[in-house]
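**Student:** For reference, the chains in residue letters:
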Amino acid sequence: MTVFRKVLIANRGEIAVRIARTCRELGVRSVGVYSTADRDPRVQRHFDEAVHIGPPASLRSYQNIPAVIEAALLTGADAIHPGYGFLSEDPDFAEICADNGLTFIGPKPRQIAVLGDKSSARRLMRDAGLPLLPGSVEPIANTAAATTTAAAVGYPVIIKAVAGGGGKGMAVVRTPDELIPAYTRARDTARSVFGDDRVYLERYLDRARHVEVQVLCDGHGNGIHLGTRDCSVQRRHQKLIEEGPAPALSTTTIDTMSDAAVRAALAVGYTGVGTFEFLVDEDENHYFMEINTRIQVEHPVTEAITDVDLVREQLFVAAGHTLGLTQQDIQPRGVAIECRVNGEDPDRDFVPTAGTLDRFDPPGGPFTRVDTHAFTGYALGPHYDSLLAKVIVWAPDREQALNRMHRALAEFDVAGLGVATTIPFLQRVLADPEFRKAAHCTALVPRMQATKEAGG
Amino acid sequence: MTVFRKVLIANRGEIAVRIARTCRELGVRSVGVYSTADRDPRVQRHFDEAVHIGPPASLRSYQNIPAVIEAALLTGADAIHPGYGFLSEDPDFAEICADNGLTFIGPKPRQIAVLGDKSSARRLMRDAGLPLLPGSVEPIANTAAATTTAAAVGYPVIIKAVAGGGGKGMAVVRTPDELIPAYTRARDTARSVFGDDRVYLERYLDRARHVEVQVLCDGHGNGIHLGTRDCSVQRRHQKLIEEGPAPALSTTTIDTMSDAAVRAALAVGYTGVGTFEFLVDEDENHYFMEINTRIQVEHPVTEAITDVDLVREQLFVAAGHTLGLTQQDIQPRGVAIECRVNGEDPDRDFVPTAGTLDRFDPPGGPFTRVDTHAFTGYALGPHYDSLLAKVIVWAPDREQALNRMHRALAEFDVAGLGVATTIPFLQRVLADPEFRKAAHCTALVPRMQATKEAGG
Amino acid sequence: MTEQHDPPVHGSLAELREHTRRLANDLAGALRRVSVRSGDTTIEVEWQEHPEPADGHPAPVVASAAPATVPTDDRIMVCSPMVGTVYRASAPDAAAFVDVGDTVEIGQTVVIVEAMKLFNPITAESEGVVAEVLVENGQSVEFGQPLLALAATDGAGE
Amino acid sequence: MTEQHDPPVHGSLAELREHTRRLANDLAGALRRVSVRSGDTTIEVEWQEHPEPADGHPAPVVASAAPATVPTDDRIMVCSPMVGTVYRASAPDAAAFVDVGDTVEIGQTVVIVEAMKLFNPITAESEGVVAEVLVENGQSVEFGQPLLALAATDGAGE
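For the protein sequence lines, the chains are A, B, C and D, in the order given. The first sequence lines up with residues 1 to 456 when you count with this note's numbering. The second sequence lines up with residues 1 to 456 when you count with this note's numbering. The third sequence lines up with residues 1 to 158 when you count with this note's numbering. The fourth sequence lines up with residues 1 to 158 when you count with this note's numbering.
If you are wondering where the hints come from, they were derived from the structure by calculation, not from laboratory data. Hints are not guaranteed to be accurate.
Said to hold, decoys possible - The list that follows gives simulated cross-link-like pairs (lysine to aspartate or glutamate, EDC-like), each with its CA atoms no further than 20 Å apart: (1) C:K117 / A:D78; (2) D:K117 / B:E95; (3) B:K6 / B:D99; (4) D:K117 / B:D99; (5) C:K117 / A:D99; (6) A:K239 / A:D196; (7) D:K117 / B:D78; (8) D:K117 / B:D92; (9) A:K239 / A:D92; (10) B:K6 / B:E49; (11) C:K117 / A:E95; (12) B:K168 / B:E178; (13) B:K452 / B:E434; (14) C:K117 / A:E290; (15) A:K452 / A:D347; (16) A:K6 / B:E49; (17) A:K6 / A:D78.
Start from the sequences and build out the full structure, keeping to the hints where you can.
**Tutor:** So this is what it looks like as structure tokens:
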């Protein structure tokens, strides 16, 4: 079964290494790209070749479409894997790949466009049968519409930018008198940040879990899900810990969400890997939030419980193959947890740190996986996001998995002048009684930070 | 379910770290022991406490029973895990542990003694229904008996020391005129090396695979097997690559061997983990060889295909618990391969090398496990065996597993003045056409070395 | 590492040297100085204060932007500001923009780099004489790759 | 590498080198300078100022055997040759074998270390005055752990 001859990886850091690994295992040559900030040859050793595409600023390197396309053409690559972030959800980039005879490893440009727009995604998914939070499907045109809609759905409500992401342009409104100022501010922010001032409004859940369903579809109308992940441990919408399957949910809820996600994906003709994000309330009502049309940071959680190499599946599906897996083949076992070790200082509000790693000894041993681009001597720079390593553990049950993760983080030795990591904070979360009994929601990290600041 | 409060690990290197990991995950405190050669505190960081027990010579440190027992007593340990090698198969040590109120994590001293003696082990196992190679069950008393027995089983034959192990004291005899000198030499060697000149004789198989069955028994009469491993890739009886399940064998053969091993283990009242080694010929006839009454170097292969943490099971069984697993729970999935990365120079007949590791970047990523005590800056010394790291990969099938291992070894970066590793040789084996189609036997490595020396 | 594999050493200076070598190799830690004297024969060795990292990898350089012009020794490199294909002339049959020995002025086009079907003139940012042309017509270049070497003209260095 | 495998050393230079090596490797802490002289043969070694790796871990020392007696500064340490329990006297109500200020001679028992119910007398390997007792009666000790510090008596250094 042939895939591609040569794949250019339009990314950096751990995900570029992750993709290169599967390429090498498949006998597909890999082309890395790097900015001047990433030119340490030890980072490049995972690729068969590497092209220097621009200066440190990502807009001029990793997000520089002409440079990436030219690098692919000059090296004779036949496909581009965008990873996550950077160009991965840019429909124009996907289009330009196609125009240049390069396979974009991801959904079709049109799917990226309509599913990336929250307004059209919500409409499509509602029509495909996914439950939405009470609120507006279409953008809120004016203050009067905002008042009427908010009254209808009931407070608290949340205002979100149609083009938003990563928590930007969101505002929670708890009483009617806060509504109009918040609405006006949200549109202003959306206009300046995203160049698109459309906002919508929906019911805000105070105690919700973030649960997502991994789907995988080929270009021939076949699709499966690969179980759920809970990503409720977040700080300002940045995930810190993910686990699968989502804990403390009934099989019925998990099955309902998973089946609905696959049906919706097939209904819109989705291809590739995709993630359907839901909010789940304390009564296990679940509401569709958005779709991520790319591989996720937390995909190893799913790989650990399903035995499936998701990047491999991405390559096969992108190369036009029919899915080799059926829903019956996916029988998730045990529990997997991922911790993101970021080069941030949890004692200084998670400020990114930089410096050379005098020590970098990642954990190992039974049922422990580490994905990282770092090594002893690596220079952690200030240019990109601060993800240093992902630690993933598996165990037959959640308690053992938590204990295993605690052990793995305890032996993870990272040291360098000026460098701090999130490891101590992650260990605090792992020890938190609410988290240990899986009774937490997205309010966990803010509560822990408040406790700490209160002298706890 | 309580296990122990504190376990002393009477070993060093990767297996000591391996055991400490499971202890930490179970909330059991671990005590490391170290010789002067291993006093780098970075090696000790995996243990909750550590005791300096003696000088580099292992007879005066890791094999020094009084030092180990005293260290356990002084630190208040309630059990001792012997790992593999050193004191792990010493019935006297197991006995002295018991005399001092310490649980020896392994079989009862009596079992170690009778199963460690190849003569009594063969007799017991024959009585328990395991097939033996044609040959003598009892030691060969004199040259006349040697001649008669060899003639009866047919040439070639192999002479082995009853107390032997690791390939020492073995001699293959192909013609009757070589027999008497070989027999005399074998007894002399056995006397000087093992202090026991008893030898036995059996048919020698030119093209045999080394296949072993992992068993696990509690102290309450329950036992299961955890599938098979093939360890045919050996150099002078030192395993280099192991995989599970054993490839290219029929389900019938695998089931027959596995069931017979469990029955035999239960028949002799075995407790703990144990490995039944068989030789399997080209017609899938299988012959019992010996039992290893301890955890094996290659146990992660079994862990990867069965999801069972074998060290955890060892601790539970040693603490007197009833097995929590039934045979039904063991459904091996996919294929796992282990490569032993030794600090040896394959270009100089695998001579051990020594030096400081200026670089030590182990592989990572999907379905890849590394067990090691080394790190960047580690000083590989001349005192102990040269195992630096074990790389274990899993994949749904053997071809993918081989490709994954190739990738993992390719990214394993070990460098240091004077240090060489077996990685290049392991890569040659992975690329060998006979090995790739699982048509190899224990003659593989000698054949490859001969090819190389012949200018290949 | 073991003593018994060491070759026998004879003669006072050779012996001293061999003893010095063995001693230095046997000792842990970073040495600064070793002195061995036997009778009127002496060997002294001193090490540098800050040895390079043993792995030989250069310290990673964090450059802040793409230099289009990089001085190297007394030559000035003109580097590609983008990934693309180099053209040394405006058309297949036209003369090269510049050749070895030509004097170039600031702002003068020296090659074209094509990227995504856009032809980007690469201009000199200093004046000088073309000392070497480092790329061929139609060659692929990376970001930052040297295209031409210029030798400074008189006074250009001031 | 272990003591028992080391070949005997003869001849003044080889002997001096071997003693220097053993001494340096036996000593705890980061060394700055070692000088060994015998007759007209001299060996001097100096280490770099910051020999510690950046992480603060000491460079691993390859010691060749358990030193029962280790000189530190001008004090000589008597160390435990085994893991066990220290007894300072032959019986609970007996006087200590030695106390601070006592002069000990080579071969004199200074403490007992009990291991596996065997009582092992630990004897001084140099003469000196007990400067400090570093363990308490009944205390657990590791291999190599200092038990007593001796100050050299006059002439003991020669």
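**Student:** Taking the hints in turn, state whether each one holds.
**Tutor:** Status of each hint after checking the structure:
1. C:K117 / A:D78: Roughly 18 Å between the alpha carbons, so the hint for K117 of chain C and D78 of chain A holds.
2. D:K117 / B:E95: Holds, because 16 Å separates the two Cα atoms, which is no more than 20 Å.
3. B:K6 / B:D99: Status holds; Cα separation ~18 Å.
4. D:K117 / B:D99: holds (12 Å)
5. C:K117 / A:D99: holds (12 Å)
6. A:K239 / A:D196: violated (26 Å)
7. D:K117 / B:D78: Holds - the C-alpha atoms of D78 of chain B and K117 of chain D are around 19 Å apart, at most 20 Å.
8. D:K117 / B:D92: holds (17 Å)
9. A:K239 / A:D92: violated (27 Å)
10. B:K6 / B:E49: holds (10 Å)
11. C:K117 / A:E95: holds (16 Å)
12. B:K168 / B:E178: Holds: K168 of chain B and E178 of chain B sit about 19 Å apart, inside 20 Å.
13. B:K452 / B:E434: holds (16 Å)
14. C:K117 / A:E290: Outside the cut-off at roughly 36 Å; violated.
15. A:K452 / A:D347: holds (9 Å)
16. A:K6 / B:E49: Measuring from Cα to Cα gives roughly 50 Å; hence the hint is violated.
17. A:K6 / A:D78: holds (6 Å)
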